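Chains A and B, in that order, are what the protein sequence lines are.
Just so it is clear: in the first sequence, position 21 is 21 by this note's numbering, and no numbers are missing.
Adding 1000 to a residue's 1-based position in the second sequence gives its number in this note's numbering.
Worth flagging that the hints you see were computed from the coordinates, not collected in a lab.
All of these numbers come straight from a predicted model, not from anything done at the bench.
Heads up, a few of these hints could be off.
Mimicking PhoX-like on lysine-lysine, the simulated pairs with C-alpha atoms at most 20 Å apart in a straight line are [claimed, not checked]:
id: 1; chain 1: B; residue 1: Lys1047; chain 2: A; residue 2: Lys159
id: 2; chain 1: A; residue 1: Lys106; chain 2: A; residue 2: Lys11
id: 3; chain 1: B; residue 1: Lys1047; chain 2: A; residue 2: Lys152
id: 4; chain 1: A; residue 1: Lys38; chain 2: A; residue 2: Lys23
id: 5; chain 1: A; residue 1: Lys152; chain 2: B; residue 2: Lys1034
id: 6; chain 1: A; residue 1: Lys107; chain 2: A; residue 2: Lys11
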Amino acid sequence: MFDAELIQQLKQTNISIDGEKTKERVKELWNTTSKEEKQTIESLAGVARATVYRIYSTGSISAKLAVAIAQTLNVNPYFLTGEADEQEECTDELLEDLLKKHGYEKKLAADRRKNRRKAPTSSTPENKADELQKTADELAEQFDREVRETLKTAAEEYKREHPAPVAPSPVVPEPDMEPDISEDTLISDITRAFLDSLTEDDMILLLRSIQLRAKSGLPGTAELSEKLKLLLLS
Amino acid sequence: MNNNLMNNFDPNLSLYTMSQAVSGDQAAIEEVVKAYEPYIAAQSTVKYINGNGETTERVDEDIVQSLRLTLIEAIPNFEAGL
Chain A
1 MFDAELIQQL KQTNISIDGE KTKERVKELW NTTSKEEKQT IESLAGVARA
51 TVYRIYSTGS ISAKLAVAIA QTLNVNPYFL TGEADEQEEC TDELLEDLLK
101 KHGYEKKLAA DRRKNRRKAP TSSTPENKAD ELQKTADELA EQFDREVRET
151 LKTAAEEYKR EHPAPVAPSP VVPEPDMEPD ISEDTLISDI TRAFLDSLTE
201 DDMILLLRSI QLRAKSGLPG TAELSEKLKL LLLS
Chain B
1001 MNNNLMNNFD PNLSLYTMSQ AVSGDQAAIE EVVKAYEPYI AAQSTVKYIN
1051 GNGETTERVD EDIVQSLRLT LIEAIPNFEA GL
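Just chain A, with the same shape it has in the complex (with noise of 0.2 Å):
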């Protein structure tokens, strides 16, 4: 269908070629419409009431009142002009069609360019939605890309400028490995004189911790405990 800004170029030269079938057809068509469509017709023609009264007292009618007749009330602009005897639907092709017959090819063409050119501005308020959908996707993606960044940048500086102490693996002895009491360490190197210096009290002490130690489950400990005391016995 047109708009009227291409209906409105075209001439008002009559391309009737049978008058009385369009004087008859269009003073029909014209008593059965409502008011809304005969105002649609003037205002898509642009013209008077009267110029439509002129067709079916002539019979003759313009290119652009039959365009804007037949595609309101949804006729065929053949059967207007007299051309055809079916009053059928209005399709875009007919109108194309009678509009090339007429020479307005060049207007037909000229008329596709402006409509593709204004496709793109003329978006739905849908497209629009999905537009601004889109954007915020992007600028929230971006955020979070910026957020991770940050985060793990920073952290991988932390952790090369505090590296981690290495932890000293606690010596435990194995529960089944019986503890080294043996003369030779005993009495080697400094520990003949650190045993040497322990007193009485020092040495009650150390039980102490061993029994605390074995009681907190501390693993060998309860072995050692009973060596011990084994040997303070015998």
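Assemble chain B onto chain A, guided by the hints.
Relative to the frame of chain A, chain B by itself:
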């Protein structure tokens, strides 16, 4: 904390909050930091050897604090164009 899981982590923040945070709004910045706590924890995870000689992981609170501060300072300089 599994880093693969963290790649799919969704902070669930509104664009408005992000925009306010970039503009320097303190409440919005705090909201962003709170939303990213799981990611901060993941980045603050360190490996260490426990008393039994086993290698395990824990969240280092010092790193967590450092990352929170870094993020608070960085957000107003983001280039997200919000």
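Given the hinted pair A:Lys106 and A:Lys11, is their Cα-Cα distance within 20 Å?
Satisfied, since the Cα-Cα distance of roughly 14 Å is no more than 20 Å.
Straight-line Cα separation of A:Lys107 and A:Lys11 no greater than 20 Å?
At roughly 12 Å apart (the allowed maximum being 20 Å), A:Lys11 and A:Lys107 satisfy the hint.
Mind checking the alpha carbons of A:Lys38 and A:Lys23 for me, to see if they're no more than 20 Å apart?
17 Å, holds
Is the straight-line distance between the alpha-carbon of B:Lys1047 and that of A:Lys159 20 Å or less?
Given pair B:Lys1047, A:Lys159 holds - Cα atoms ~11 Å apart, limit 20 Å.
Next pair to validate is A:Lys152 with B:Lys1034; report whether the Cα-Cα distance is within 20 Å.
Between A:Lys152 and B:Lys1034 the Cα gap is close to 16 Å, so the pair holds against 20 Å.
So if I understand the rule, the pair passes when the alpha-carbon distance is 20 Å or less; does B:Lys1047 with A:Lys152 pass?
17 Å, holds
This entry satisfies every hint, going by the numbered hints stated previously.
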